[in-house]
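Novice: Given next are the chains, with one letter for each unit.
4 protein chains.
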Amino acid sequence: METTTETKRVAIVGATGYAGSELTGILAKHPGAQVVALFSSGSGVPAPANPAFPDLVAQPFAFDALLASNPDVVFLATPNEASAELAPKLIDRGLRVIDLSGAFRLNDPGLYPTWYGFAHERPALLDEAVYGLTEFCNGELKSARLIANPGCYPTSILLALRPLTYVIDREQPVICDSKSGVSGAGKKADIAWSFGELYGNFKAYGVGHHRHEPEIRQGLRLGDRTPLVFVPHLLPTLRGILSTIHVGFTRTVTASEIADNYARAFENSPFVRILPAGQLPELKNVVNTPRCEIGYTLLQGGRRAVIVSVIDNLLKGAASQAVQNFNRMCGFPETEGLA
Amino acid sequence: METTTETKRVAIVGATGYAGSELTGILAKHPGAQVVALFSSGSGVPAPANPAFPDLVAQPFAFDALLASNPDVVFLATPNEASAELAPKLIDRGLRVIDLSGAFRLNDPGLYPTWYGFAHERPALLDEAVYGLTEFCNGELKSARLIANPGCYPTSILLALRPLTYVIDREQPVICDSKSGVSGAGKKADIAWSFGELYGNFKAYGVGHHRHEPEIRQGLRLGDRTPLVFVPHLLPTLRGILSTIHVGFTRTVTASEIADNYARAFENSPFVRILPAGQLPELKNVVNTPRCEIGYTLLQGGRRAVIVSVIDNLLKGAASQAVQNFNRMCGFPETEGLA
Amino acid sequence: METTTETKRVAIVGATGYAGSELTGILAKHPGAQVVALFSSGSGVPAPANPAFPDLVAQPFAFDALLASNPDVVFLATPNEASAELAPKLIDRGLRVIDLSGAFRLNDPGLYPTWYGFAHERPALLDEAVYGLTEFCNGELKSARLIANPGCYPTSILLALRPLTYVIDREQPVICDSKSGVSGAGKKADIAWSFGELYGNFKAYGVGHHRHEPEIRQGLRLGDRTPLVFVPHLLPTLRGILSTIHVGFTRTVTASEIADNYARAFENSPFVRILPAGQLPELKNVVNTPRCEIGYTLLQGGRRAVIVSVIDNLLKGAASQAVQNFNRMCGFPETEGLA
Amino acid sequence: METTTETKRVAIVGATGYAGSELTGILAKHPGAQVVALFSSGSGVPAPANPAFPDLVAQPFAFDALLASNPDVVFLATPNEASAELAPKLIDRGLRVIDLSGAFRLNDPGLYPTWYGFAHERPALLDEAVYGLTEFCNGELKSARLIANPGCYPTSILLALRPLTYVIDREQPVICDSKSGVSGAGKKADIAWSFGELYGNFKAYGVGHHRHEPEIRQGLRLGDRTPLVFVPHLLPTLRGILSTIHVGFTRTVTASEIADNYARAFENSPFVRILPAGQLPELKNVVNTPRCEIGYTLLQGGRRAVIVSVIDNLLKGAASQAVQNFNRMCGFPETEGLA
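Residue numbers (my numbering), protein chains in the order written: chain A, 211 to 549; chain B, 211 to 549; chain C, 211 to 549; chain D, 211 to 549.
Any given hint might turn out to be false.
Where chains are identical, the list cannot tell them apart; a pair therefore holds if satisfied intra-copy or between any two copies.
[To be verified] Pairs of lysine to any residue, SDA-like flavour, derived with a Cα cap of 20 Å:
1) 218 with 351
2) 397 with 407
3) 413 with 483
4) 413 with 486
5) 352 with 338
6) 239 with 543
7) 239 with 262
8) 413 with 489
9) 218 with 350
10) 413 with 262
11) 413 with 507
12) 413 with 258
13) 413 with 498
14) 398 with 261
15) 413 with 477
16) 239 with 545
17) 413 with 264
18) 397 with 341
19) 239 with 549
20) 413 with 488
21) 413 with 509
22) 413 with 487
23) 239 with 547
24) 239 with 546
25) 413 with 485
26) 413 with 261
If you're looking for bench data, these hints aren't it; they were derived computationally from the structure.
One chain only, chain A, in its complex shape (with noise of 0.2 Å):
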């Protein structure tokens, strides 16, 4: 592949949340990237954005001091809403925007209403807007104007089933029972997300009513026949999401099968690790990695498994693979600045 050594430069706007503050360590230490200028997704005071560099400072959010800043690539970790508001404004003006809000990741405007409680003033952008599953994407980053970047849930969901779609059998539920840390819910000002209501808990949530859920329907491409079954639940830790799929298949399949698929499907993929058949990976493989762990238990002599995947929410599942995108945007070599 071309790659360039051309310094980009960056803006992030939502720099002192758990995924802004994780990308802005990233971008600190790219060698491609020059970080033009920094900013909290609301009003209120300077503060730092990443502990690990006390000096970058990300500045209350203005329209006018990013635009001076004049950046290539501007990344939006900001609400769904404000997301969907700037990131139309910014192509206006021919930068190039990686949102990692769920405001451009479905396809479908009419779900938006009802998933995530308003509608896209412009729906066009939705058609336009690549959804930047590196692992899955080609030369369309190259030239995208806008990546929606995924979800950490359905990162975590995709990239284990999309491999195994051609065999999945529809006719039976899709069971995604995931368990996130904490992290995945943002900066919350509120005594349900306190340590002392979260610590030495565990529970479900938003079952039936998760905006992951059209996502993860969407990206592997279920009819409506299909029956998707989506229970998150919230670890007692910050990071990390590990999903444990359970998934029926249309006729008995071998362990090497499986095996082939996966390592065709990622053999350019220098994030993703398949465990061999019967390995299962935990959550601290991953966490604080760009890494995504794959492995898989084949029951019923062939005809079930159980798949099991790990990511780092705030990586994998946000900032890292935003990077990712940016460097397959950019030319750069997708691993640059993350290895």
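For this one, chain A is given, so just place chains B, C and D on it according to the hints.
Specialist: Chains B, C and D only, in chain A's frame:
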């Protein structure tokens, strides 16, 4: 129910393990129990069994000392093989036994070599032993010589599913995605159980070969045709089990039908609480309590459900259930010493 | 001691906070208490006070409803200002009050504006209020109309130091390096108290301006000359306080002198345990118990000591100490409902 | 400073321990280092040293294989005795050694039998070894054959106190109340280090006999007269050390004097940050970073201070400090591979 106020002499073997320690604490305050002997499960030095009762010291196990304490009831919180060997000897001497291990939970002796790694010397006791999932027991506890206290995972799953077996579709897999605190594994001098390996970590383990799988299958009276997918996971906390259970139904059911069945099943069960449809319980509701909470959400118009149950694995999953059984065995009110 | 078996009617205001919830759980099982009313400390919706007793629902606070419940004793687990306002009204109506806040702990009314930010309407009650560090109280609790339940940090420090004040060198600073679980701060909808900010974190806070500092100084009868250095820290756990106390002595002391003094001070104190010289207690010894453990190591040939004390901040540091005081007030055995 | 771009061949012994794993991760990304050999510290099976680099596999230690890899610099993340034995052999063969153990930290060979339990075979190396607290080193690192990387607790304490020794009152005790994450103890197959014993727990340990005590005393050049009270504690988290230090001064000092001294001491230290007077750092500021943060609060009108310092025990307290020393030794910029 006729109850007694006569005090029973009780002994505990394995009092320094996690479950034994809890049991010691409960029985020390139980108005109907006099703790006459406490033993650890092996050799070693005398040690307090429970930090709240520094004066209750467990001695290294000695069979003669146990007999000399003249107990009415012996609680075994010992490893499986130790219970299998010890329980018959005690019963032969006319003592009554409540065993917290798995040594007498399975009816079929043929399963022991496969799942537990040893063959039973006294298979007849497997027939005689009462499987003490208290909520589903009646008079049999009163006359039992040997009660097999259920496993922690099976307790959480059977309480949730037994009242619904009449309508669960046995052509579809019953999927039990369970998550347990670390204490479920007992005290282990092993790097795999060290703080460094488990803090901030999360993982599935034992898929397809966990000893609780045949116990769940037996408890649900699942035939050979119905797949049971049991995936236990290890939470980065100490106590509690949350089981997320995915089942299909043979027909459409309504929330009120489910609610009615649960209400009927547990109308005399002081320690089980069913939440309103659509509400799912969280772990902290039950940690440090003898209670089980169960919630459910219907999916696909009533053709499927996600059912979530929570217990404290050391209490309802072990020690407090043993005391419920003790109460029933001896004619005390079921809540004695527990409420 | 003459004891009673007459049941007392008790009400709790602030029953849904961390300390109030514990208090509710204890009093619900206390043989001498009948819980006649439970209130949260503010408005809002009715909510269970303690997960182990889902049927005990706290109502939004209403003064008339409190009076109508006709309690003998009212426990206030309310904010400082709320207690300062409410306690006098209750006392004027002939009710007895045990206040878990700091509103009546300091004798000197002049300290309140500085340390608590408000002036007392009824300073005479500061004289009358009995400072309820139970182990150092005698008959005064029996006749008290108003008991000021001690702060959690002062409880851990005063139990450890009061028996040794005769030999502590007041020319040297008394250094109290204390560490508390997060529940000490109460339930807070604040990012600073969110799981994300506190998980895996640890910090000192409030050095030189924590409200417990004048309370410790008062409890030790330190003159103006002796510096008291009190540094509270926030542990990444929920419950428990460990205070590491550094003191110099006016002369050489021996371990047996220290041991004798502690033994004498606590000979009638069922909830205090002194460890042998050189052994220091750990937090888990006392979490979820009403007990205090104290250990010490002599340094410099007996001219200094490191003293470590541990309590559960919600129990001995709040709720169980309130019940010790209730027991003394009403003539129950001190351990009633607690052992 | 003159720097080099020549790549150095590096080997790590003890790469699978907590510190060795971090070191492997840093050196694998270091532009000036080529990792030519990785060994665990003992026998056993080959295993990945760092989860982020699953292909970097540590082999069971073999001296010949180490030599055959032809390293320029060998990092020893090995137990004290192993380092004491191995380092001389490597130096005799002309290799340069950076030792992360305590084997060469103390100048006085007479201290080893008492504090470390073994006598040194090559006491002359204690004279030669450079104590690599990088911020206080100059040219001596450049020419060193053997660098003794400081202990984690001493690093946190010496960085905070060395710039102030001129004004610290040596008639008063210097009190270091330190708290460390569990990883400080290394990987241990021991119930005392199991998750069940440490979760939600907190304790002091090793008072008066921790090996870092003579190292701190040596680093502060404390004479026999000044008492050093060092109380290490174990935090219920994995990483990080926070030291709360209590000192008296020989005279009144001002915040600006303290600030000036720190500024001068660390003007060329990219990894040390001094907070404004009255602000104290928290652990999460530095976890997963190579940085140290120090804050202070003056008491008694400037006659005393509470000083708080925080580091990541596995990075600034071990691996990243070793790489700082490697950079200085080899002529790389001090931040190479770390910023």
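Novice: All the hints need checking, so say for each whether the structure fits it.
Specialist: The hints, checked one at a time:
For a Cα distance limit of 20 Å, the shortest separation of residue 218 from residue 351 inside one copy, 16 Å, qualifies, whereas the shortest one across copies, 38 Å, does not. With identical chains, the CA atoms of residue 397 and residue 407 are at most 20 Å apart both within one copy (15 Å) and between copies (9 Å). Taking the shortest Cα distances, residue 413 and residue 483 sit within 20 Å of each other only across copies (16 Å), while inside one copy they are farther apart (29 Å). For the homomeric pair residue 413 and residue 486, the shortest alpha-carbon distance between copies (16 Å) is at most 20 Å, but the shortest distance inside one copy (30 Å) is not.
For a Cα distance limit of 20 Å, the shortest separation of residue 352 from residue 338 inside one copy, 13 Å, qualifies, whereas the shortest one across copies, 56 Å, does not. Taking the closest pair of Cα atoms, residue 239 and residue 543 come within 20 Å of each other both inside a single copy (15 Å) and across two copies (15 Å). In this assembly of identical chains, residue 239 and residue 262 lie within 20 Å of each other by CA distance both inside one copy and across copies; the values are 11 Å within and 17 Å between. Taking the shortest Cα distances, residue 413 and residue 489 sit within 20 Å of each other only across copies (11 Å), while inside one copy they are farther apart (26 Å).
Taking identical chains as interchangeable, the C-alpha atoms of residue 218 and residue 350 lie at most 20 Å apart only when both belong to the same chain, with a minimum of 19 Å there against 40 Å between chains. For a Cα distance limit of 20 Å, the shortest separation of residue 413 from residue 262 across copies, 17 Å, qualifies, whereas the shortest one inside one copy, 32 Å, does not. Within a single copy, residue 413 and residue 507 get their C-alpha atoms only as close as 25 Å, which misses the 20 Å cut-off; across copies the closest is 14 Å, which meets it. In this assembly of identical chains, the alpha carbons of residue 413 and residue 258 lie at most 20 Å apart only when taken from different copies (18 Å versus 32 Å within one copy).
In this assembly of identical chains, the alpha carbons of residue 413 and residue 498 lie at most 20 Å apart only when taken from different copies (16 Å versus 24 Å within one copy). In this assembly of identical chains, the alpha carbons of residue 398 and residue 261 lie at most 20 Å apart only when taken from the same copy (19 Å versus 24 Å across copies). Taking the closest pair of Cα atoms, residue 413 and residue 477 never come within 20 Å of each other, the shortest separation being 36 Å inside a single copy and 26 Å across copies. For the homomeric pair residue 239 and residue 545, the shortest alpha-carbon distances inside one copy (13 Å) and between copies (12 Å) are both at most 20 Å.
In the homo-oligomer, the alpha carbons of residue 413 and residue 264 lie at most 20 Å apart only across protomers (18 Å), although the nearest pairing inside one protomer, at 35 Å, exceeds that limit. Taking the shortest Cα distances, residue 397 and residue 341 never come within 20 Å of each other, neither inside one copy (25 Å) nor across copies (40 Å). For the homomeric pair residue 239 and residue 549, the shortest alpha-carbon distances inside one copy (11 Å) and between copies (7 Å) are both at most 20 Å. For a Cα distance limit of 20 Å, the shortest separation of residue 413 from residue 488 across copies, 14 Å, qualifies, whereas the shortest one inside one copy, 27 Å, does not.
Taking the shortest alpha-carbon separations for residue 413 and residue 509, only the inter-copy value of 19 Å comes in at or below 20 Å, while the best intra-copy value is 27 Å. In this homomeric assembly, residue 413 and residue 487 come within 20 Å of each other (Cα to Cα) only across copies, at 16 Å, whereas the closest approach inside a single copy is 29 Å. Taking CA atoms no more than 20 Å apart as the test, residue 239 paired with residue 547 passes in both settings, with 7 Å inside one copy and 10 Å between copies. In this assembly of identical chains, residue 239 and residue 546 lie within 20 Å of each other by CA distance both inside one copy and across copies; the values are 10 Å within and 11 Å between.
Taking the shortest alpha-carbon separations for residue 413 and residue 485, only the inter-copy value of 14 Å comes in at or below 20 Å, while the best intra-copy value is 28 Å. For the identical chains of this complex, residue 413 and residue 261 are inter-copy neighbours only, at 15 Å across copies versus 30 Å inside a copy, given an alpha-carbon limit of 20 Å.
Violated hints, in rising order: 15 and 18; the structure is consistent with all others.
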